[in-house]
Amino acid sequence: MASGALLIKNGRVIDPGRNFDQVASVLVRDGRISIVGEVPADQIPQGCQVIDATGLVVSPGFIDIHCHLREPGFEYKETIATGTRAGARGGFTSLCCMPNTEPPIDNAAVVDLIRRRSREDAVVRVHPVGCVTKGRKGKALAEMEELASAGVVAFSDDGDPVYDANIMRLALSYSADLGIPITNHCEEHALSRNGVMAEGWIATRLGLPGIPAAAEEAMIARDISLAELTGGRLHLAHITTSGAVPLLRQAKGKGLNVTAEVCPHHLTITDKWVLGTRGIESSGASTNAYDTSTKVYPPLRGGSDVEALIEGLADGLIDCIATDHAPHEPVSKQVTYNEAAFGISVLETALGSSLQLVHAGRMTLNSLVDRMTVGPARVLGPTFDELATLEPGTPADIVVFDSDLEWEVDPSKFESKGKNTPLRGTTLKGGVVTTIVEGKVVYTNAES
Amino acid sequence: MSTSQAIETASLVVPTDSPHLPPRKHVLDLDDFSSEEILAVIESAKGMAEVLGRDIKKVPTLRGRVVVTLFYESSTRTRISFEEAGKVLSADVINMTASASSVEKGESLLNTGLTLQAMGVDVIVVRHAYSGAPYLLAQQLDRVGIINAGDGIHAHPTQALLDLYTVQDKLGSISGLKVVIVGDVLHSRVARSNIWGFSKMGAKVVICGPATLLPLDLLHRNGGDALPEELASIEVVTDLDLAIQDADVVMALRLQSERQDAGFLPSLREYIRRWQVTDERLAKAKPGALVMHPGPMNEGIEISSSIAHGGNSVIEEQVTNGVAIRMALLYQLCTGPK
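Chains A and B supply the protein sequences, listed in that same order. Everything in the first sequence is counted per numbering that gives the first Met the number 0, starting at 0 for the first residue and increasing by one. Everything in the second sequence is counted per numbering that gives the first Met the number 0, starting at 0 for the first residue and increasing by one.
Hints are not guaranteed to be accurate.
[What the hints assert, rightly or not] Quick list of simulated restraints, FRET-style, between CB atoms:
1. A/P102 / B/P295: 32 to 38 Å
2. A/A359 / B/L113: 41 to 47 Å
3. B/P21 / A/G315: 52 to 58 Å
4. B/P295 / A/S411: 46 to 52 Å
5. B/Q139 / A/D384: 33 to 39 Å
6. A/L228 / B/Q139: 48 to 54 Å
7. B/P21 / A/K136: 53 to 59 Å
8. B/K86 / A/K136: 51 to 57 Å
9. A/E306 / B/P22: 37 to 43 Å
10. A/K136 / B/P295: 41 to 47 Å
In case anyone wonders, no lab produced these hints; they're calculated from the structure. Just so you know, even glycine gets a beta-carbon here, dropped at the ideal spot from N, CA and C.
Given the sequences, and given the hints that come with them, work out the whole structure.
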């Protein structure tokens with residue numbers, strides 16, 4: 000993907016890994032960062048492409064450690080081509096795709112297929128996640144070492160938790176020397192059962208089966224115990240409850256090898272959105288109630304949960320933001336709430352949603368960039384360090400964004416095949432201007 | 000008087016006697032009914048009840064209108080009640096059940112609704128096993144009125160309106176009454192709509208039953224976000240002997256036998272012992288308290304036979320009033336805006 004020279008002039012360069020935050024220019028040559036700071040005129044090659052970033056933010060490209068690209072098997076929901084274009088539009092230069100494909104990513108052949116398809120179709124980097132268990136069935140360990148050698152960056156049976164505590168123990172133990180995390184979707188099925196939204200008065204009011212917070216917290220507590228028992232490398236996928244935060248704090252306090260992520264939707268919208276009132280206070284349902292675009296697993300929770308998650312992210316306890324981008328075809332959402340597919344199409348709204356925390360004064364812009372670059376790289380391990388920095392010599396994966404750009408969410412303009420977002424028609428403040436992967440511009444916002 | 004003369008005479012009655020019913024497109028739940036509108040529907044139902052009391056129960060009010068009852072769950076009284084309501088008003092009523100239609104071939108609810116709309120149907124009365132199904136139709140169909148005849152465990156607004164009508168008719172007013180709803184509130188759409196309706200009309204609602212069959216968040220045990228005012232005012236009491244004291248209305252809910260299998264109850268025997276509405280318990284309520292049941296009853300489980308058929312029971316009146324309420328709603332929707 001290496002290409003000619005590129006100069007990004009006079010942006011606010013935020014490189015949290017190096018504590019660098021100042022107006023500067025970035026020179027890219029041969030796909031790598033060449034100079035960050037003052038770029039002397041005689042260093043600028045002839046024919047160098049110039050991007051004026053005055054008033055804009057320049058940072059390492061975002062890394063999403065949790066998304067669903069649906070290929071192979073569910074190409075009607077998303078493909079590597081459309082999913083990576085969506086990622087580029089959202090400022091992501093690396094996407095880790097979950098293995099709940101068909102066939103699932105539980106052997107090296109499927110990893111190879113995804114890598115080949117990515118070479119042909121992807122506009123950003125694609126890093127496959129491998130299954131913990133064969134066929135994602137939760138019964139027997141997948142060939143984890145072979146998967147790691149083939150290039151998976153994490154293990155997960157996402158879509159489902161690893162239900163069996165002993166299998167989880169064995170997986171953590173067996174993979175401890177492989178240096179990559181097991182990402183578990185923590186949800187105790189005996190408690191979540193047929194739930195479709197957060198348990199609480201809104202679920203009661205709407206007559207929808209609820210998922211208690213205890214379903215998530217019980218399995219988080221279990222997995223933390225198992226991480227302690229085995230010395231394994233545990234990563235908690237998309238935590239959503241206020242009770243998950245102290246469990247994580249305790250685990251980290253003990254020095255366990257445990258990390259966690261949170262999704263933009265769990266940081267910004269609540270179960271009130273299921274009432275169809277877009278979060279506006281209302282005790283009753285509107286005709287727009289049962290908005291299936293709000294159905295996501297784990298579910299949208301209450302305001303006190305959102306508060307706790309924001310605090311946890313702001314103070315660095317929660318390592319990173321991950322999208323859990325889960326695109327679906329329209330038909331799977333044009334049914335009753337009980338029958339609708341779980342999932343939100345997030346890649347293209349992740350930055351605008353997350354920036355709400357910055358605009359509301361809940362965290363600094365620098366911290367937010369950290370949670371979308373350095374944080375995810377820390378979860379994945381040292382091989383990702385060079386993708387999360389603008390240090391000269393590293394690959395030029397860069398995002399240029401305007402933190403004040405206001406735009407209306409119009410899913411028909413999404414690059415993703417998944418138009419399923421509860422944010423349809425809302426206005427977000429903050430949008431990507433340019434995304435660069437290995438020195439090559441892969442997305443430019445025509446409207447900015 | 001010949002039949003045609005009777006119809007001609009009667010035709011004048013319904014429209015002119017009707018109170019000022021506000022225009023309405025759908026009946027999804029009682030959330031969007033004001034107390035004034037509830038009273039107007041009850042008033043309108045009284046006029047309809049007068050038609051039902053005639054020898055010849057037929058008025059031409061909705062002649063030329065098409066009403067479809069689209070039932071994805073089995074029902075006897077609600078479907079027949081709607082059918083009778085439509086026919087008395089001279090609407091053409093078409094009954095569609097899931098087992099005898101393209102639904103069996105896998106047609107989605109939405110496509111079924113779109114098909115019915117394309118056929119020019121005026122009102123779809125829908126019952127569905129999943130909460131919110133009528134909302135899907137209301138959101139996606141723009142030329143058809145939707146009446147919720149029971150959706151999952153969410154709402155049964157016409158049942159609640161007929162219950163409000165029955166109480167108003169028997170006790171004169173609803174405001175200030177103590178209404179005890181006892182049984183499987185967690186899985187009851189009747190309870191949800193009645194909680195909303197009675198609260199809105201100023202009654203004090205007490206819900207009672209095993210803690211496993213009451214919504215946890217109404218017990219204030221989930222520690223989550225604050226409840227909205229309407230729900231916070233609901234009292235939750237697990238002991239029926241306490242709950243029933245000085246009650247004006249006692250409503251027993253149907254207990255599905257599968258609740259026992261799913262572990263919500265140790266046994267039916269224990270349920271009967273603690274939560275059956277009996278003569279002994281009813282003696283603690285106000286004299287003349289009304290006993291209600293949405294049906295179908297499990298006599299001997301949630302309600303004793305002597306109570307079900309005793310002097311306090313208004314269970315048969317509920318059924319009669321149901322037809323009148325549904326006539327009023329069909330009239331309101333068919334004559335409202337499109």
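Each hint tested on the structure:
1. A/P102 / B/P295: 32 to 38 Å: violated (49 Å)
2. A/A359 / B/L113: 41 to 47 Å: holds (42 Å)
3. B/P21 / A/G315: 52 to 58 Å: Holds, at about 55 Å.
4. B/P295 / A/S411: 46 to 52 Å: holds (48 Å)
5. B/Q139 / A/D384: 33 to 39 Å: violated (50 Å)
6. A/L228 / B/Q139: 48 to 54 Å: holds (52 Å)
7. B/P21 / A/K136: 53 to 59 Å: holds (56 Å)
8. B/K86 / A/K136: 51 to 57 Å: holds (55 Å)
9. A/E306 / B/P22: 37 to 43 Å: holds (42 Å)
10. A/K136 / B/P295: 41 to 47 Å: With a Cβ separation near 43 Å, A/K136 and B/P295 satisfy 41 to 47 Å, so the hint holds.
Hint compliance for this structure: hints 1 and 5 are broken, all remaining hints hold.
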